[in-house]
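**Student:** Spelled out, the chains give:
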Amino acid sequence: MALKDIQAGEPGEKVFLLGNEAIVRGALEAGVELVAGYPGTPSSEVLDLLFALAPEFGHLAEYSVNEKVAVETAAGAAIVGKRAFAIMKHVGVNVATDALFALAQTGVNGALVILSADDPGMHSSQSEQDNRLYGEHMHLPMLDPSSPAEAKAFAQAAFELSHRLELPVILRTTTRVSHGSALVRLGTIPPRAAPAEKVHWARYRNPQRFTMVPVFARARRLLLTEKIAQARQLCEDPRYNPVKNIGSSVGILASGIAYEYALEALQVLELEANVMKIGTPYPLPQQTMAEFIADLKVLVVCEELEPYLEDRVRAIAKEANPGLKIYGKRSGHLPLEFEYSSQIVISGLAKALSLQLPVEFEKIEHRARKLIQDLPARTPVFCPGCPHQASLYALKQAVGQEAVFCGDIGCYTLGVQSPHNAVDTCLCMGASIGLANGIQYFSDDPVVAIIGDSTFFHSGLSALANAVYHQANLTLVVLDNDTTAMTGHQPHPSALDHRMKHTGGKLLDIAQVAEGLGVTDVKVLGALETERLTEAVKHSVAHRGVSVIVSKEPCALNWDRRRRRVGQPIVAYTVSDRCNGCLECLRDFNCIAIYEQDGLAQIDAALCNGCGACATICPEEAIIQRRSAGDLLQELTHGTF
Amino acid sequence: MAPSERKFWNLVIAGVGGQGTILTNAVLGRAVARSGLEVVTAETHGMAQRYGRITIHLRIGPEVHGALIPSGGADVLLGLEPLETLRSIECCSQRTLVLMNRQVVRPPSLALSWRAHYPSLEEIERRLQQVAGTVLSLEAHELARQAGTILATNAVMLGALCATAELPIPAELIRQALFEVVPAKAQEINRDAFEMGRAWAHLAQKSSCHQS
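The listed protein sequences correspond, in order, to chains A and B. Quick note on this note's numbering: the first sequence kicks off at 106 and runs consecutively. Quick note on this note's numbering: the second sequence kicks off at 94 and runs consecutively.
Any given hint might turn out to be false.
As the list claims (entries may be wrong) - List of simulated lysine-lysine pairs, BS3-like, C-alpha gap at most 30 Å:
#1 B:278 with A:606
#2 A:109 with B:278
#3 A:475 with A:501
#4 A:468 with B:100
#5 A:606 with A:303
#6 B:299 with A:119
#7 A:456 with A:423
#8 B:278 with A:349
#9 A:303 with A:332
#10 A:643 with A:628
#11 A:119 with B:278
#12 A:349 with A:402
#13 A:456 with A:501
#14 A:349 with A:456
#15 A:456 with A:475
#16 A:501 with A:628
#17 A:643 with A:501
#18 B:278 with A:456
#19 A:423 with A:109
#20 A:349 with A:475
Unchecked claim - Derived Cβ-Cβ restraints for the label pairs, each shown as a range:
#21 A:685 with B:265: 55 to 61 Å
#22 B:273 with A:202: 33 to 39 Å
#23 B:273 with A:704: 46 to 52 Å
Claimed, not checked - If we take Cβ atoms under 10 Å as the criterion, some of the chain B residues that face chain A in the derived model are:
#24 135
#25 184
#26 209
#27 213
#28 242
#29 284
Calculated from the structure, these hints are not laboratory results. We treat Cβ as the ideally placed atom computed from N, Cα and C, and that holds for glycine.
From just these sequences and the hints, can you work out the full model?
**Tutor:** If you want it as structure tokens, here you go:
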């Protein structure tokens, strides 16, 4: 429904949109011409929707292999005068920083907007980082919306700002803005003549601007300072940084979703205060901030993650209001880590201003904790039929407990949980191979790196080349499920899918790529053939040097969808009376469809997706495929029943 | 602004990845869009969808701010799975109506620890009653099955919600939004499922019976 709303919603209409969907509409209203990105929660919907909408609205879109390439691709388009949008999560920006620092100096001719979707509280990320600091660090203007409606407005404004300043602009959201829904008023999407107009490079050729050798870079560095001064003037605009002055001696300085929490806290505490919202963390509206704090006695700063505004307003207060009391993270009233909530801000504000809490939150929480402390946990698990689960099982069978398992980013990181215990490390995209390379210098135990197919192309290639080059002794297992599964099944170089009909694409073969990088021991196996896979891993680990095993099987969710689409029945497995209750299937394999009843294993037919991996591991061969209706009919007609 | 006008109506939806929590959310949001009120939500997307715990916070009011509902602040806790309903008890207080589907989805952690066990439904209800104002539980998945498919469980829950909760928007808007959001071929089943949920709730309230 949302896709239809974004697509066909009339100007002026108010529709219920996810923050990410609002950003898509904002980009369309700004006339985006090229979209490139790499999926990552909480940013993925933006790229997926803009990719899906490309044929209709005439912009170009690509799933790039990683965020650095996405930014460079978008920058290329923006250098030749187009409006380009690069989409990624907060840690994706880390991958792209090398390009971005230099791009701040070169600037662009059209417009370049980078979406950085931050994840306070690490709902789906390996690290918590405050990308507002990147704005200041890179000298790139940044917009930080506090709601889905503002996400649309700021997405649109970011393109205008970038075009006007000829600088890349970062649109920074957080999980609660990207993955929160609200009513958003739609604007007009400009009509566009597709296909995109070609340009003459001669018009844009300007090595002094786009070739960052030191002599040119120094000149551009000076120009960047001028541009930021100009940007700072634009950021004094109350559209970005509104101030509400009711003449109180108490002020609230807030940004992002914490601004919404602060407004609720004021209501709940029945407190009247002056409020300034920061929508441009960089450049900060220093003049407006100085005026805002000039007559205050107390300022409370509400912001998630780093005390970014707090430290900067403290510096401003040195001149503007030296006696001002500033409360926030540094004063211990609000937490430094994880995301905020209304409740956290209500409690922090009450503490800072010595107010009575209207609700005894701690008592409620204490009682709740006691009532749920003995509940069994429910953490995310592998889906029934997940090929990763079978691969990791085979891996453990082959090399046992002593081996080193360097994992990577993807669904397979779930293998860190019992009973798999097949992920010993996970740092960032592609780190499995690099870490394994370092450990193998000092380890006599087998060293195994585990990486997904999409992650392999994202940042595994250079690490693999490095391992081959330095004659590392390690085995790389590529878990190839033919998609970027965890972020919602996006295509990648070895997984072109039906959505790429309008773009086309050349398929890359992982085994050939590995051979091309100089790996001599490359094997390709089916992930569900657990016995053969186990033997293959044993063989590869014994091989001196770099070995690669590609364990191939489509993601179970995609396989289910494909079968449903063509009307092929999903035939579940069942446990026969040969089961002796050893429960190895439950303890060592732990598919969500297998459970215990009266000491014996049982399979939930509604959950089982018929992959059959459990049947290959049962020592009693007690797990058998249910007969489908068609089989039964055939047996009846052939009289074998 | 009078305090009564400031009030949010707060809903927490608790369930397991794959139970259609996002659809319920879309229906309610769409309904609010036609009501003249504002709505804001916080949703679970991404990795937790792999059979993990899903919670959605949804707030409706003339003016809304942050979506995360403070402890004890829920008007309704819509529980699609008993264990996850209880796990969300922090949002409950005397003002809260708990509307819980009795369909159990076993957490895989049960297989790994001999000590872990899934509490009985009676125990779950007993604990919820210690904190929440009203606890109603129903076999929504069974009613949905009778209506034609277990996939319509959320329509049963929405029907029951419309008949039991003091909603800030007309129930008819929710019913309409449901039919707009579900695929055309599933409309009839969802209409039946919605009515079955509504009928169950009327009956449950009349007999003031807290367990179905």
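**Student:** Quickly compare the C-alpha distance for residue 456 (chain A) and residue 475 (chain A) to 30 Å and report which way the hint goes.
**Tutor:** Within the cut-off at roughly 26 Å; holds.
**Student:** Given the hint that residue 475 (chain A) pairs with residue 501 (chain A), does the C-alpha gap stay at or below 30 Å?
**Tutor:** violated, 38 Å
**Student:** Minimum Cβ distance from residue 135 (chain B) to chain A below 10 Å?
**Tutor:** Holds, about 5 Å.
**Student:** Residue 303 (chain A) and residue 332 (chain A) were given as a pair; does the straight-line alpha-carbon distance stay at or below 30 Å?
**Tutor:** holds, 29 Å
**Student:** Holds or violated: residue 606 (chain A) with residue 303 (chain A), Cα cutoff 30 Å?
**Tutor:** holds, 22 Å
**Student:** Given the hinted pair residue 349 (chain A) and residue 456 (chain A), is their alpha-carbon gap at most 30 Å?
**Tutor:** It holds: about 23 Å lies between the C-alpha atoms, which stays within 30 Å.
**Student:** Quickly compare the C-alpha distance for residue 109 (chain A) and residue 278 (chain B) to 30 Å and report which way the hint goes.
**Tutor:** Within the cut-off at roughly 18 Å; holds.
**Student:** Does residue 242 (chain B) meet its interface restraint, that is, does its C-beta lie within less than 10 Å of any C-beta in chain A?
**Tutor:** violated, 13 Å
**Student:** Compare the distance between the alpha carbons of residue 501 (chain A) and residue 628 (chain A) with 30 Å, and conclude whether the hinted pair is satisfied.
**Tutor:** Judged against 30 Å, a Cα distance of about 18 Å means the pair holds.
**Student:** Would the pair residue 643 (chain A) and residue 628 (chain A) pass a check requiring their Cα atoms to be no farther apart than 30 Å?
**Tutor:** Measuring from Cα to Cα gives roughly 12 Å; hence the hint holds.
**Student:** Confirm or reject the claim that residue 273 (chain B) and residue 202 (chain A) have a C-beta distance inside 33 to 39 Å.
**Tutor:** For residue 202 (chain A) against residue 273 (chain B), whose Cβ atoms are near 44 Å apart, the range 33 to 39 Å is violated.
**Student:** Is residue 456 (chain A) close enough to residue 423 (chain A), meaning Cα to Cα at most 30 Å?
**Tutor:** holds, 24 Å
Consistency with the previously given hints fails for numbers 3, 6, 8, 13, 18, 19, 20, 22, 27, 28 and 29, ordered from lowest to highest.
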